[in-house]
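Trainee: Sequence:
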Amino acid sequence: MPGPTVTFGPNCHAISRATGQSSLFVGTVLGGRTTGHRWGDGTMMDYRTFQGCFVTEAACTAWAARHASRYPGAPAYSRCTPVYVGLRPRG
1 MPGPTVTFGP NCHAISRATG QSSLFVGTVL GGRTTGHRWG DGTMMDYRTF QGCFVTEAAC
61 TAWAARHASR YPGAPAYSRC TPVYVGLRPR G
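So that you can map any letter, position 9 of the sequence shown is 9 in the numbering used here, and since no number is skipped, the others follow by simple counting.
Treat the hints with care, as some may be off.
Between beta-carbon pairs, the in silico distance windows are [claimed, not checked]:
hint	residue 1	residue 2	range
1	Gly36	Thr56	23 to 29 Å
2	Ala14	Met45	18 to 24 Å
3	Gly86	Met44	21 to 27 Å
4	Thr34	Gly86	38 to 44 Å
5	Ser69	Pro10	36 to 42 Å
6	Gln51	Gly20	19 to 25 Å
7	Gly20	Thr49	27 to 33 Å
8	Pro72	His13	19 to 25 Å
9	Asn11	Thr34	18 to 24 Å
10	Met44	Ala18	35 to 41 Å
11	Ala14	Thr49	32 to 38 Å
12	Pro82	Thr34	15 to 21 Å
No lab work stands behind these hints, which were simulated from the structure alone. Bear in mind that the values here come from a model prediction, so they are computed numbers and not experimental data. From the three backbone atoms N, C-alpha and C, an ideal C-beta is built for every residue, glycine too.
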């Protein structure tokens with residue numbers, strides 16, 4: 001993905017303000033993969049964490065599946081969670 005847009009980005013509050021939607025989806029992917037070591041033995045693990053905010057569950061699921069397939073190693077966690085943006089505590 002090229003970067004933040006009105007329907008995807010790291011900041012759910014900004015997306016909520018831009019779209020007027022208060023219900024969004026947060027995608028989280030944690031994973032790892034073996035990468036080529038400089039000596040070529042392939043023993044180095046590359047661990048990554050990805051997180052993004054989405055307007056639709058379908059977009060979130062596709063994004064999470066794409067990242068999870070690229071980093072399938074442990075801890076191998078991939079999830080889309082519905083969130084409500086804009087709730088303010090009484091006070």
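Trainee: Enumerate the violated hints, using their earlier numbering and listing them in ascending order.
Mentor: 1, 2, 3, 5, 8, 9, 11 and 12
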